[in-house]
Amino acid sequence: MATTVAAPPYPGSYSKQESGLWSWLTTVDHKRIGQLYLYTALVWFFIGGLEAGLIRWQLRSPNAGFISADLYNQLFTMHGTTMIFLGVMPLSAAFFNFLIPLQIGARDVAFPRLNAFSYWVFLAGGLLMNFSWLVGAAPDGGWFGYAPLTTRAYSPGPNIDYWVLGLQILGISSLAAAFNFVTTIINMRAPGMHFMRMPIFTWASFVTQFLLILAFPIITVALTFLQFDRFFGTNFYTVAAGADPLLWQHLFWLFGHPEVYILILPAFGLVSEVLPTFSRKPLFGYPVMVYSLILIAFLGFGVWAHHMFAVGMGPIADAVFGVTTMLIAIPTGVKIFNWLGTLWGGSLRFTTAMLFAVGLIALFTIGGISGVMHSSPPADLQQTDSYFVVAHFHYVMFGGSMMGIFAGIYYYFPKITGRLLHEGLGKVHFWLTFIGMNLTFFPMHYAGLTGMARRTFTYDANQGWDVENQVATIGYFVLAVAMAAFAINLMRSRTRGQRVGNDPWGAPTLEWTLPSPVPVYNFAELPIVTSRYPLWDKQHRGHAEVPTAPETETHTAHEDVVDVVSEHRGLPGEPQHPTAADLGIHMPSPTIKPLLAAIALTIPFVGLLMNTNVPVIIGGGVLFVAVLYSWLLTPVEPEHHPPVSAGHSAAPKGRPRADEPFWSDR
Amino acid sequence: MATAAIERHDAPHHHSSTGLDNTKIAVWAFIGSECLFFMSLISTYLIYKGRNLVGPLPHEAWTDPATGETFKAILNIPVTSASTFVLLMSSLFMVLAHSAVVRGDRKYSKIWLASTALAGATFLGFQAFEFTEFVHAGLTLKRNLFGSTFFTLTGFHGAHVTAGVIWLITLLFIDMKRGLGPRDAGNVDVCALYWHFVDVVWIAIF
Amino acid sequence: MPLHPSRRRSALAALTAAASVFLAACSSEVPNSTLTPNTDLGRDIDALWDILLAGGVVVFALVTLGLLYVIVRYRHRPGEPEPKQTHGNTALEITWTLIPALVLAFIAVPTVRTIFKTQQNAPADALQIEVIGHQWWWEFRYPETGVITANELFLPTNRTVSFALRTADVLHSFWIPQLAGKRDLISNRTNYIVFTTDSTPTMAWNGFCAEYCGSSHANMRFRVYTVPPDEFDEWLAHQARGPVTAGAAAAVPSDTGATAAPAGQAGAPALPRAFQSIAELSQLPHIRPSTPLPEMAFTATEGDAARGAALYRASPCIACHTVQGVSPGIIGPDLTHVGSRTTIAAGLYPNDFEHLTRWLKDAPSLKAMNYPQGNGMPPMAPGLPNTMAGYDDQQIADLAAYLLSLK
Ligand code: HEA
Ligand code: HEA
Ligand code: CUA
Ligand SMILES: [Cu+2]
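Protein chains in written order, with the numbering used here: chain A, 1 to 666; chain B, 667 to 872; chain C, 873 to 1279.
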């Protein structure tokens, strides 16, 4: 057997009492929270995809009367908002959660309970926003909610209220998570894990957290203004009081453009993990890959007004923003070419994960090129707000972010569950996605260039857009079959997928030294890292245990799954491995408080929606503060000896709390 | 084993790559975020300053052409200077409180924590006074752009001060109950960091 | 103008790739194509587009060919040894930093040049037109002559036009794909877009609102007719006068006298030639709207313009609509010459008896509108929600006949 990594003596799994519903509600384990993010976000993604289906069905032919203008407007608003804030961002967060501690050699994130809180707040925000469908008043202001259309004067209903408040809640979740991951990456790296040894996904995540930290407060302010205008009668966007609608646009896009890099950089990171593994070559130009991430993020803050070329900013601003936007193509191009350099000379094995990763290179490039076409302001005057833009952003977000995320899911599923996703279904998923995606979105370029404006619930006959729209609608159905294959694959492989050992792909990074699934405590002992690719370390090449591609064909869909269904490892659910306690590892105790805090935090927002019900708002606020106190005053871990590093003699027994820092930091 | 590159060792349980406290890093990140938050608020205030269609205005009197009613200039530099001074002093008290905690000086840690909280509360008192004055002078949240931006900006700052005061009182309470010592320095440090930040923001606003 | 050599080269490179796209764009199958411009601004944009397309095709071809090559050439083969472990190559990486930078320079220079060229102030003799966006229709004003019209724009050929863009409510965007790019209409601001029309024969173009503006954003369209300058002047002079109500004018009951002014001018019923020259164009398949009418019972088949005129003067319509000399309303479109327009409801329906009567009977069922919360057109038949009048079908037919007579 071509086992390259010996199965460790502590095959990991959760014991029975750790798998009930309560355990999920109280979990503070980053791996479980990662899974919660993953499955929740996939559900939202499917809902967003269903909304896209209704959109496509309405647009299949001119003057179709399938849905009303108002419903259509709600659909595209919720489709865009859902895909971005409830789909791609939390899918990325799923990987941040699951992977970052594993990749840097940590037992958990810096603040495990804050992490659980982020998840529950995200769930609450998504539920609140989608609750609007049930009351028949889903948001309808477009995903970038331009004022003054979104002010009370022009949108009197509760629709926009759901949108504003939902996004505010989601912002809290993203920010809390970002503080957490920044701290984790800065401070929890295993010994020897220098910054320039960090796996590239961790780097991409690190940069993304900075984007989140710096971009989200801006939209928080923009939304707060809108919220105050709508609820308290302030004048930030009140035209009659002399307000300038461009205030919203500048604030929104000052957030919004960094946001699109928040959507793509994690996908870039995932792909940068997948490509080396299946090329059996290190990432080409690792340092440059890191610098380009940083440069993209940095430039990303200076280009926001390219969404506003039609607002009449004047020639100087147009020129400046046009040129700075173009500059971003350079670091992004470096990434594309370095990926090609990684593949070049490799030994490429086209697993599903690899197919999606290569698919990203192809499709994202198309989206990037249309982005550069937008960046020329005069040319953009024809393209903006037409279907050309719709084509651009689906190529970068579906062809980029989603492809990268799919690659990541196929690649890391065995690490998450101990089982492989089915490769055959995976290939169906990939090829139908690739074909369907091009069928759906490529014709949109042409529809846009031939005059079709976006966000139109209908279009007249004989305008020259019939074929494009028909093809796009057909493409949607191809995509829907692809996604159904994916959903089936996920559901069946969770319980029936092929079992694997630590490192089914022969991958190089730290997380693959761990059993699959990973035990609660991740690392029984903290590793010392001495290279960027510990599992491929050069000096060990040629030794028997060096990862080499197996020559024997196995019965699996792809030839090189290293079959380490090991004798050491029992059935899942059978605690055959030492528990954390056995190993003397102190893990954070499960607690319901993050969930309670998330619920309490949501109450004031619900109160605002209930006709600004003051008692509910104040009650919720007080409850939140109370839960927060109770949370912060409970130690994160079960009582144990004070850390030696505190350099302080033990305090009297029996009052362990007095001895801990009085609030646990997490 | 292929994990040869990863030697195992018994790391201390609370491992930290930088030697810094996790909370401190997180609070720095939080402050970074807050900078952008207040920058957005302050920019809006500045952008909208000259766009008011009706008074009252910050620096000059304004007469309503329709009614002939005159609104006096709103901003009262002496009062604001006094409250700014109080807030600045509180930062000093905070520094003293922190060093008292590091020394393990239970008496002065209490005194200085209490002074800091009190100074913060005094600032809030000034702010409440000013807000009522302004409302009497005709400036409300809804009145004009100046009212909306001014109250939102200073209101958010006030909310931050309030949170800080609550934090300080919590520290004080713990100090009285079981005493704050050097082992708590990190936590007091974080509070101090936040408090100084809130202070600096006020200077920027002022 | 001779092409700059570098431009010629890149244009050449793109030619093959773009040929199919371009040819298709020229055909009448794509009547709103941005790739067949008919103004100076449109052509400047299109020239940039050609450069962008060329650059894009080159980059796309490069990456795709590279990718395909790598996929085929380096596919894993059984028995293959471990590949050589390369970690990077500084020279190569610098090369592929510089090459995109060069491509971008080719794009950036003409871009900046075009920005400054196309955003100059209009010459003093340019035709001034004010565009005012409403949820969800367009108001067009010719300030020099005081003409106000709606949803149909007449432009002289071969003349520089300067549009001043404003909105009465939320943001909109003014877009005539075959003439020029978009400009947004922004509250509390005035935006400008300037272009010079080509010296084409009389032509009809479609215009659209391109900034999402609420329920009927998709239904906020307009028509543009470019007519020769002399016909344009004639049209403008005609619009500046009251309506020519042709035969109907004489039949207006004389007891009110309110219609005396327009009737007087109707003495010379010569309609501008432009009406004739656009008549056929307005029936082109892509110009004449084909929005289906909702099911609606309507019994009257013919209306009487004279009765309609009398009815109009006592109707709620006058609160919202202007007919010069008759009614002063300004909430809805100016109807002074509504009978001469080819479409109603912002390009959504053809302007004929069938569509107009349905519109007057129950406009909200024909177009999503903000009524009664906003300024939409209310229904006029009895029994409908928020109806404003109890007109039976015959009365509505009369009103329609009257409106159609307002040439
Ligand atoms: C994942 C998200 C994502 C990403 C990564 C990008 C990437 C880019 N985007 Fe995109 N963009 C969006 C999401 C994204 N965008 C969204 C959602 C909108 C619409 C919002 C809305 O209106 O609803 C939008 C809109 C948008 C606009 C506004 C259009 C308009 O409304 O008028 C512009 C204008 O400049 C733009 C430009 C760019 C550019 C230059 C890049 C660059 O980063 C791309 C760089 C990459 C490449 C260029 C390809 C690889 C490079 C090479 C192979 C090197 C050689 C290349 C050249 C020399 C060209 N984008
Ligand atoms: C990451 C972001 C993302 C993603 C992945 C998508 C995915 C898709 N989008 Fe999205 N889209 C946006 C972001 C995204 N979109 C944004 C930001 C806007 C702008 C909104 C605005 O203007 O405000 C937009 C707008 C937009 C429009 C323009 C609407 C308009 O302007 O009027 C259209 C039109 O076709 C469209 C189509 C699609 C389609 C067909 C998909 C497909 O790829 C979807 C594929 C998914 C599926 C097919 C899943 C369906 C699931 C099932 C069928 C069930 C499967 C089975 C089980 C559950 C067992 N989108
Ligand atoms: Cu007006 Cu869209
Ligand atoms: Cu952008």
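Hint data in this document are derived by calculation from the structure and do not stem from the laboratory. Since we're looking at a predicted model, the values are computed, not measured. Even glycine gets a Cβ: it sits at the ideal position worked out from N, Cα and C. Careful: at least some of the hints might be erroneous.
Claimed, not checked - Here chain B is said to cover these stretches of chain A; the calculated rule only asks that three of the stretch's residues, wherever they fall, bring their Cβ under 8 angstroms from a Cβ of chain B:
{"id": "1", "stretch": "183-194"}
{"id": "2", "stretch": "232-239"}
{"id": "3", "stretch": "392-405"}
Notebook entry, point to check: Which hint numbers doesn't this structure obey?
Noted result: 3
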